[in-house]
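Visitor: Residues 16 to 149 in our numbering are what the sequence shown lists, from first letter to last.
Do not take every clue at face value.
[Said to hold, decoys possible] For each label pair, taking beta carbons as the anchor points, the in silico distance ranges come out as:
1) D33 to K134: 24 to 30 Å
2) M35 to S148: 40 to 46 Å
3) M131 to S30: 31 to 37 Å
Keep in mind that the hints were calculated from the coordinates and are not lab data. Predicted model, so just to flag it, every value in this text is computed and none were measured. Glycine residues also receive a C-beta, built at the ideal position from the N, C-alpha and C atoms.
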Amino acid sequence: MSVISTRTTIRVRYSETDPMRIVHNSKYYEYFEIARTELLRERGLSYDDMEKSGITLPLIASHAEFKHPAVYDQLLTVESRIDELPRSTLKIDYRVTGDDGKLLTTGYTVHAFFDMRLKRPVRPPAFFLDVISP
């Protein structure tokens with residue numbers, strides 16, 4: 016059961032594909048970023064808000080498994096979810112499905128909470144925990 020989740024729709028652009036019109040694998044990380052941004056935005060928190068508070072969320076790990084290709088002009092749904100409240104890092108899981116519901120890609124990203132003033136990792140700030148708490 017996830018703490019929070021959302022679905023984001025993305026249409027594959029021609030520039031994201033190779034000569035066979037298949038999405039290049041690096042583009043899935045961009046889709047993950049779009050979905051992650053929307054997940055937080057739906058809860059009323061933007062990266063701009065985080066940065067103004069002095070906290071950033073640098074990426075420290077990522078993983079993707081490519082099950083089936085996405086193709087040019089296909090409508091994708093990217094589900095992003097946080098399955099547990101963060102303690103020192105934030106893990107976000109992703110599932111990318113095609114417009115036919117077929118599972119195309121799964122993956123995750125892991126982020127640290129970094130205090131720009133202190134120049135070091137910190138625990139999640141209270142405002143962040145409030146935003147993602149169910």
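Visitor: Decide, hint by hint, whether the structure agrees.
Guide: Taking the hints in turn, this is what the structure says about them:
no.: 1; hint: D33 to K134: 24 to 30 Å; result: violated, 40 Å
no.: 2; hint: M35 to S148: 40 to 46 Å; result: holds, 44 Å
no.: 3; hint: M131 to S30: 31 to 37 Å; result: holds, 33 Å
Consistency with the previously given hints fails for number 1 only.
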